[in-house]
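Respectively, the protein sequence lines represent chains U and L.
Using my numbering, count along the first sequence one by one with no gaps and you end on 315.
Using my numbering, count along the second sequence one by one with no gaps and you end on 315.
Any given hint might turn out to be false.
It does not matter which identical chain is meant; a pair holds if it fits inside one copy or across any two.
Stated by the list, open to error - Derived lysine to any residue pairs resembling SDA-like cross-links, with alpha carbons at most 25 Å apart:
hint	residue 1	residue 2
1	Lys77	Met100
2	Lys260	Gly174
3	Lys166	Lys238
4	Lys260	Thr37
5	Lys214	Ala278
6	Lys260	Tyr211
These are computed hints drawn from the structure, not numbers from a lab.
Protein chains: 2
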Amino acid sequence: LSPAQEAANAADPLPSWNEGNARNIIMDFVEAATTEGGPGFIPEEDRIATFDNDGTLWAEKPVYFQLLFAIDRVKTMAPDHPEWKTEEPYRAILENDMESLKDQGMKGIATLVMTTHAGMSPEEFQKIVQEWMSVAQHPETGKPFDQMVYQPMLELLNYLRANKFRTFIVSGGGLEFLRSWAEVTYSVPPYQVVGSSIKTEFVQENGRYMIKRLPEIEFIDDKEGKPVAINRFIGKVPTIAVGNSDGDLPMLLYSATKQPSLQLYVHHTDSIREWAYDRKSHVGQLDKGLDTAAVRQWTLIDMANDWNRVFPE
Amino acid sequence: LSPAQEAANAADPLPSWNEGNARNIIMDFVEAATTEGGPGFIPEEDRIATFDNDGTLWAEKPVYFQLLFAIDRVKTMAPDHPEWKTEEPYRAILENDMESLKDQGMKGIATLVMTTHAGMSPEEFQKIVQEWMSVAQHPETGKPFDQMVYQPMLELLNYLRANKFRTFIVSGGGLEFLRSWAEVTYSVPPYQVVGSSIKTEFVQENGRYMIKRLPEIEFIDDKEGKPVAINRFIGKVPTIAVGNSDGDLPMLLYSATKQPSLQLYVHHTDSIREWAYDRKSHVGQLDKGLDTAAVRQWTLIDMANDWNRVFPE
Ligand SMILES: [Ca+2]
Ligand SMILES: [Ca+2]
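Chain U on its own, in the form it takes in the complex (with noise of 0.2 Å):
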């Protein structure tokens, strides 16, 4: 059984869960939305929840998982590019140059993704992420990666999912970067995954059509662009939206236009089983968010004491 599979059939829905606020909201939210004729209640196809990923549904730190994979990708791409060797953002790499690295900001970041992300098609690109996904380890835990999910959160998804809330993703990160183990780990399908993309075209290569991927960026579905993009994909606003940092400010400010709605926010508050970060924070930053919360009255899930479990064993 799959850490979701298992939460699934326990018989308590949360038992990561400790009693207490955020666990008392949440239920208490689920169980006026499905009572029918109930002040609280919110038809089936209302039933709309929408995740961020990147520090809400799994670990952020030391920086963006998805930044290791592409780290590692030019790593292994490094033999065919002897050029890298004295090329920037390459060498940084190549010389686990960290500090310079950073120091080039968003372009370096940039023109690594290009060379990492596209030129194949999907398909291609997603065997590529299964296959790091499957062999890459955390630099701090040592865990696979897809082990480094919330267990708590794992259980939100099927809960929401049995109480026939459809489950979204809506990620600053790559939509097919996503895809390829959202539908194994999350039991999101690729058609619920919202993200980051580059542009694609539609080509025919020695007689095969494709869809290609293309160095360029297409969309940032990140700070209003998760509004913007959970009304172009989804098209409706959602009555459940949690996220961990400012940068899903917007897509909770959005989901609370609509009610009855649950906005929560993940606060990272545990530096012994994961890490203590928000207004000060690089990866994650959660300091408005903070602020709006508190006005709002908006739910925070205190990681420290609202979990009895952090990651799957």
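The hints should help you fit chain L with the ligands onto chain U, whose structure is shown.
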């Protein structure tokens, strides 16, 4: 009961389809797709069916119905825009000068779409479309436009869904225009509608957060745009693809890259009950598609012979 529900309840899943080649090929394909262990078996997660809309699920003569909506909308808005009396393309529309409108080509149409489709939220736009749909009549049949859908295709949608195919609309028509009525008419929810779109932004107006539709084309979901959009929105190669024009040819070719799969063309052969047109038609031209269908032995749905009923009664 809606026509869609009525069809679902019938013992014969395709009562409006005459015995014959098209019906047999469809039913054989679906039976094979759902026969585990057989050579035609398709796992549930790959049962993705994509349907063009204009000319495939509903009629498209004398012109695309969305154009008639835009024309009606200009007439409704005209009292607030006295300047339109002398400004093209509005003048042509207000004077029913369709020849002149036609001469203004895509530029005139684009202006028309921007004026009538932008400047409001998706919810407001959908309400406008729904109100139009409830009163507007087809210029030749006098029927409401949502009764100009093809009964055999409603049955096919239901039949596929009953066999665990997920049905998507992939249309050159406008995304929100379609979403306004696709859920009621076709039982296709908004997140399974792919279409052409205009840009949007997430804004705060009068203290209220909203998605706002902007007067700028974002994406044309036609020709090579269809496989590109299928990859982006659905993320799976469709195992059934149904269209009626050359604009659908890339979608059908894309579908054919996956095996087993089924490609279908609706061939408008019925000048009595509907319209007869193909290679020379301005709307819904089917020329290169007919040649490709012959070479690849794709199934043509011969409207005159394969359907015993065209529209819901
Ligand atoms: Ca995040
Ligand atoms: Ca068409």
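Outcome of the hint check:
Taking the closest pair of Cα atoms, Lys77 and Met100 come within 25 Å of each other only inside a single copy of the chain (14 Å); across copies the shortest separation is 62 Å, beyond that limit. Proximity of Lys260 and Gly174 under a CA criterion of 25 Å is satisfied intra-copy only: 23 Å inside one chain copy versus 30 Å between copies. Taking the shortest alpha-carbon separations for Lys166 and Lys238, both the intra-copy value of 15 Å and the inter-copy value of 23 Å come in at or below 25 Å. Taking identical chains as interchangeable, the C-alpha atoms of Lys260 and Thr37 lie at most 25 Å apart only when both belong to the same chain, with a minimum of 18 Å there against 43 Å between chains.
For a Cα distance limit of 25 Å, the shortest separation of Lys214 from Ala278 qualifies neither inside one copy, at 40 Å, nor across copies, at 37 Å. In the homo-oligomer, the alpha carbons of Lys260 and Tyr211 lie at most 25 Å apart only across protomers (10 Å), although the nearest pairing inside one protomer, at 43 Å, exceeds that limit.
The structure is inconsistent with hint 5 alone, although it conforms to all the rest.
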